[in-house]
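Undergrad: Respectively, the protein sequence lines represent chains A and B. In this text, residue positions in the first sequence follow the numbering used here: the first is 1, and each later residue adds one. In this text, residue positions in the second sequence follow the numbering used here: the first is 1001, and each later residue adds one.
This list has only true hints and no planted wrong ones.
Between beta-carbon pairs, the in silico distance windows are:
no.: 1; chain 1: B; residue 1: Ser1098; chain 2: A; residue 2: Asp41; range: 41 to 47 Å
no.: 2; chain 1: B; residue 1: Gly1075; chain 2: A; residue 2: Arg32; range: 15 to 21 Å
no.: 3; chain 1: B; residue 1: Gly1014; chain 2: A; residue 2: Ser35; range: 35 to 41 Å
no.: 4; chain 1: A; residue 1: Lys8; chain 2: B; residue 2: Lys1091; range: 31 to 37 Å
no.: 5; chain 1: B; residue 1: Lys1091; chain 2: A; residue 2: Gly33; range: 42 to 48 Å
no.: 6; chain 1: A; residue 1: Ile417; chain 2: B; residue 2: Ser1098; range: 40 to 46 Å
no.: 7; chain 1: B; residue 1: Leu1094; chain 2: A; residue 2: Ala12; range: 31 to 37 Å
no.: 8; chain 1: A; residue 1: Ala84; chain 2: B; residue 2: Lys1091; range: 33 to 39 Å
no.: 9; chain 1: B; residue 1: Gln1039; chain 2: A; residue 2: Gly33; range: 14 to 20 Å
no.: 10; chain 1: A; residue 1: Ile417; chain 2: B; residue 2: Trp1100; range: 41 to 47 Å
no.: 11; chain 1: A; residue 1: Ala12; chain 2: B; residue 2: Arg1090; range: 28 to 34 Å
no.: 12; chain 1: B; residue 1: Trp1100; chain 2: A; residue 2: Arg32; range: 31 to 37 Å
To be clear, the hints were calculated from the coordinates, so they are not data collected in a lab. Backbone N, C-alpha and C define an ideal beta-carbon position, used for all residues, glycine too.
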Amino acid sequence: MWTPLKAKKRAADIDRELRAHVELEAEEQQQRGLSEEEAADAARRQFGSTARAAEDVRAVWTVMWLDALRRDLRYAARSLRKNAGFAIVAVLTLALGIGANSAIFTAVDALMFRSLPFDHPERLLRVYATRDGVRFPGQGGPSPPDAHDYAQATRTLQNLVVYDVWRKNVSFREGDALPEQRRVGLITREYFETLGIRPILGRLFTADEAHNGSPSTGRGGPLPGNGSVAAIGAHLWETRFERDPNIIGRTLRINDELYTIVSVMPDVVPPWMEGGEHGHVEIWTPDPSPESWPESARGSHGTDALARLKPGVSLEQAQAELSLIAARLADAHAIDRNIGVLLEPLADTRVGTLGPTLLLMAGAVGLILLIACVNLANLLLARNSSRERELALRTALGAGRSGLVRQMLVETLLLSILGAAVGVALARIATAALASNHPVNLPQLDEITIDWRVLAFTILVSLATTLLFGLGPALTASQIDLADALKQGGRGHAGGSGRRLRSALVVAEMAMSLMLLVGAGLLTQSLVRLQQQGLGIRPDHLLKGHFYLPPVHYPDGPAITRFCDALTTRLRAIPGVVDASVTTAYPPTNGWAQFLIIPGRPVVGIADVPTAEFGVADAHFLTTLGIPLVRGRNFEESDTATGAPVGLISAEFSRRYFPTEDPIGRRIHIGPPPFLRLGGGANTLDDADVTIIGVAGDFRNAGLALRPAPHITVLYAQHPRVNYGFKDIVIRTASDPHAVAPEIARELHKLDANLPFSEVQTMEEVIEQSTGGQRLTATLLGSFAVAGFALAMVGIYGVVSFVVAQRKVELAVRMAIGASRVRVLGTVLSQSMGMAGIGVIVGLAGAVAAQRLTRGLLFEISPLDGATFAGASALLLAVATIATLIPGLRAARIDPARTLTQN
Amino acid sequence: MPSQTPRRAELLQGTLDMLILRTLLFGPAHGHQIAKHIQRTTDDVLQVEHGSLYPALHRMERKGWIASSWQVAKGGNRELRFYRLTSAGRKQLLHQESRWKQMATAVARVMWPA
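Here chain B stands alone, though its shape is the one from the complex:
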């Protein structure tokens, strides 16, 4: 197939939050890393609008789900802001994950009644 620009799915705000939290479950990362991870893992299906990534990150930091600190990147000469999950964020991730599953199950039931 010729490389088509993968269709960019629009991510609901809440969903983006969940994905970010999940990404951070692996460990601390900075904004660029988070965006690249999601992009790679979904094979470019989900490309996070970088204009929505940072607002989301800051919103979640405000709510106390993630915490940030400036650190020097590995092998780097620049300082980057690294985010990590907090215990509240962990709880929030579980909560959002179960809600997502509920939602998906419900939608599946309607779409593909068995």
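If we strip away everything but chain A, and leave its shape as in the complex, we get:
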């Protein structure tokens, strides 16, 4: 065989040979009487150019090699065409393994491993606050005053910043018909400094530009004398400001106030860092500077926090130091009792709770690749085994061993290349499908493109398998005894070791398929149960939307109430609308809790303080959402803004805090007990003593998977201090909610032309979004199970067919001496069902071993659920039986006479 080393040696030999010839010729000429010189000249002239001759000789060898390659390719193509079935299955198997793997590993890499686009991303941390060791729901960062204290005291952290994202109405040009609702980041300059992001144009905010303010004024309202400034993202600059080179100094309106643009920032902050279900944050405005947060904000944990480690400091050191500081704060401030702090590397927070899911996916896909390789190996082994006769003959007729091997190599490579090509196409399709169907809480999936390293890796693995099992037998083919091979009657020997290997491979395939099936079955059932969770409301025909009433036009509670009442009245007048309610509370998650003081419940420490999920709504809350009233009465028109404050509690609230008594008529106080009170400010209600007038049914307010938490709802009209301009509205419609949406938007517009009606979804869509991650997982795992299953079935079918073909003679003999067809069928069946049985047992063992992987993902179903295990096993055995029956019946139909005479 031709190798570069050989070629070099050959070239040297050729030169030597030609030189010798020239010398001999010169000698001869000398003998004829010419002088030495003349002789040499004559010789060389007669020779022509030695170099050219050498070239020609060398070309002989090269051309022959190319010729051989061409010949091999043609032969390979022909042979593949003749065995089209085998070729198609092999190519598809390869393609599936490569395609699926590349797509999933690309996604997992993009979600979990790709490095963050910041300076020294490994030093960036997310900071969370904990109570009794448990993280707060939602953003859950330390309160701004706490964060400020940490930042002042720390020696291990370089920066610690607090940031938040609010929805605001933004207009980019004067005279824009309707503002858009945009997410605006509230930050200090330190935010960008911590991340190491420098502006493309302009400058970062100065300390002076930080707004003084407290959360209750809506944050972002400028005080007189403070110029309001904003930073915009590069994409916004290009699309809304036409890349104006004089962008610095231009203005935009946020909530009807003028902001001057002072910088353009690159769009490097990924959406998941800023709670990004709705895309990138593209506008930033200054937040109050850390020292200007009021003390009353010390109890609020509704912001995010970032930190950067100092070089050379480890996470553990920083965590230890911060926990110490937290303890000091807990001593100094009652509200910080039991409040701790948790640091996590930023990179680890990328996928939230989906980490285990993704790893499960990666494992599943790895299994698929393995099954595909196993199948491929089996296919190749079977095929090569049946070609032994052909190979033996060719050897006898003079084909060199190296020639044979080369030809098989070409054939195998051709197969691999075809498989890889289809695999790449499949990978692109799968990646695109993932990108367009990503669940809402994995927005970073929409930017994934194929990772070429992953593709290369899977192609290599597949190639290796193909080469190993395609060539291995070929390399031993030359050792076949020709006589033996011919005697076997053309089908190769039912070789002992070969068959054991193949059987083992099939057993492995079945086991892996079973594991995938079990996993998919568990996840699907879990998903179904999750989705069947009683929501507590009637989710059909409900539309949800959002609008924001800026303080500039709606400066106080009564103004907001007036607007909302006017709006809901108008909306109820629309023919397609059954009811409407402005409310903060609806499933699946509430996210706003309050401390309570319930007379008659003594409180010793902070752990005893009753809490409840807190909602602020209007009188149509229960009817619009379809929540049943269990006791007492609903809100009524008589519960006016100036009347006595009333509240509706949930059934769980009643069970927990009034287990033995009737809650109706009881007065409770919404707010923290005296020892936790900080005086005025955020989130406290005036006249916070509320009379309970009714008990309503529970609805999901802590996510779909957890039991509903106690809930209390009050009227925003009666509590101006929590009557914020951010309003969600739910509307019950008579027909398709989306059809009525435009009319609702129109009514809103009529009341105030500057209010966009945004985040419009049906309630069903909202619920679906919250299970998006689980649905993706179940769907993916389901597809893998199907793919693995199909591959395993093909594997079984292939092997059984092959065995039947090999044993044709033996079976014919048996039938000839009297065995019935049924017995023959039985023989075939029993052999393969034996394999299947072992496969099932191994698979079940594997599924049990893998339970830790799935446990965290399952809802109300055990990872060892017997029914699922049994069902999957039964399915596998059933299909394996069918896959065996086909060749088995063929075996039973053998005509013994014909078979025996044929061979």
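Since the structure of chain A is provided, determine the placement of chain B on it from the hints.
TA: Leaving out everything else, chain B in the frame of chain A:
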């Protein structure tokens, strides 16, 4: 007759192969010997273009009709590559010889009909 440069007949590639094989039937030889033998035997009518001799030799070696080995020439101080006929080459020679005869007979029939 004054010594004219003998007309050099152009040898078809296949024919050259046949001649080389025939030459080697006598026994192993190196390239120079083969060329000289053909030249002498045909009285200088056929002078093998040495630029075509070696490509032909290597082509035939590739096909397995001849085999080569480096040996020290008789009474010599240099190593030369000697070629010898293989069994496949022998078969090929017979095959080509019969084809040549067929061809010659056919051509004769056309040229000199009897």
